[in-house]
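**Q** Residues 86 to 385, numbered by our numbering, are exactly what the sequence shown covers, in order.
Keep in mind that the hints were calculated from the coordinates and are not lab data.
It is possible that some hints are incorrect.
Unchecked claim - Computed list of lysine-lysine pairs in DSS-like fashion (alpha-carbon distance at most 27 Å, straight line):
{"hint": "1", "residue 1": "K215", "residue 2": "K225"}
{"hint": "2", "residue 1": "K275", "residue 2": "K131"}
{"hint": "3", "residue 1": "K129", "residue 2": "K330"}
{"hint": "4", "residue 1": "K174", "residue 2": "K131"}
{"hint": "5", "residue 1": "K266", "residue 2": "K246"}
{"hint": "6", "residue 1": "K325", "residue 2": "K275"}
{"hint": "7", "residue 1": "K352", "residue 2": "K237"}
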Amino acid sequence: MNSYFKSPPFFITLIIMAFVTFMYFNFKDKYVTNYDNPLEVVIKKKWELPNILEEVSGIAHIDDQRVACVQDEEGKIFIYNLETKSIEKTVNFGEQGDYEGISIVGTNAFVVKSNGTLYEVKNFIKPDFKVITHNNFLTKDFDVEGLCYDKKNNRLLLACKENEDHRGNFKSVYAFNLPTKELLKTPVFKLMYDNPVFQDFDDDRDEKLFRTSEIKVHPTTNDIYMLDGVIPKILILNDKWEAQKLLVLDPDTFQQPEGLSFDSNGKMFISNEGDLQSANILQVSLNEKNTGGTKKKVKN
86 MNSYFKSPPF
96 FITLIIMAFV
106 TFMYFNFKDK
116 YVTNYDNPLE
126 VVIKKKWELP
136 NILEEVSGIA
146 HIDDQRVACV
156 QDEEGKIFIY
166 NLETKSIEKT
176 VNFGEQGDYE
186 GISIVGTNAF
196 VVKSNGTLYE
206 VKNFIKPDFK
216 VITHNNFLTK
226 DFDVEGLCYD
236 KKNNRLLLAC
246 KENEDHRGNF
256 KSVYAFNLPT
266 KELLKTPVFK
276 LMYDNPVFQD
286 FDDDRDEKLF
296 RTSEIKVHPT
306 TNDIYMLDGV
316 IPKILILNDK
326 WEAQKLLVLD
336 PDTFQQPEGL
346 SFDSNGKMFI
356 SNEGDLQSAN
366 ILQVSLNEKN
376 TGGTKKKVKN
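With the hints as extra help, turn the sequences into a complete structure.
**A** Written out as structure tokens, the structure is:
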């Protein structure tokens, strides 16, 4: 027995235990956030999605009854019917890949890959749909995750989760001009880490402060909603890109929010990838609280 405590396996075990203990105490509270939401997040309805959409990465309303969905791995658009709670049609538009966002412009669908490549699926609901690929200067290092139609400015917005080579103190949003089919090289918006809206967060978070998973424009107010899928948050900006509110979401309900969409009346829907729970779509409302907000903790 004494020989074991002098053997290499014992010392290896001891080193591993010391390392695990160090990592636990050094990082256990690194991504714990106290917050006091000015709004109450209310779940109105819930739809559990089928297994094929376990990794749902983006949603967009076709009409008030149907939602177009994409998932991380397959070049397919899944048309999900909210009334029948089922997929009524699947559109195969491309090969396997990392598809992250979808937007509907009239009868056309646009899908974005994490490397920034845009797929325009013209007349996507019809059998004779046509696919046009729009390449640009973005790469996988930008990790594009959000896509939306900005009707007021006749453009698409592409939101990046990262910066190239992790440089800079901001996350970029780029604009794709629909008439010219060109992605503008200068970001239309930079979400700065020192924005006052983040003042209650630790200063050392840097690029992990907000990791964009979706972007959408509200159909009636033109406010811009940005979603963080890692430490679940919603950032609301006005049409001048001025931050208005930051809401930290309950991670027990929003296990990995990757998609956001509005119907024609401005009702908000958020999709979550599956984890401990099934993937789902939640209809969400943000209501003013009658009393002061409730302090909670969120841990990544």
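**Q** Each hint: holds or not?
**A** Results for each hint:
Of the pairs offered as hints, the one joining K215 and K225 holds, with about 25 Å between alpha carbons and a cut-off of 27 Å not exceeded. For the proposed pair K275 and K131, the alpha carbon gap of about 33 Å is over 27 Å, so the pair is violated. With a C-alpha separation of about 21 Å, the suggested pairing of K129 with K330 holds against the 27 Å cut-off. In summary, the hint linking K174 to K131 is supported, as the alpha carbons are separated by about 21 Å, within the 27 Å threshold.
Between K266 and K246 the alpha-carbon distance is near 23 Å, which keeps this suggested pair within the 27 Å criterion. Taken as a hint, the K325 and K275 pair is honoured in the structure, with Cα atoms around 12 Å apart against an allowance of 27 Å. Using a Cα cut-off of 27 Å, the hinted pair K352 and K237 holds, with the two alpha carbons roughly 19 Å apart.
Checked against the numbered hints given earlier, this structure breaks only hint 2.
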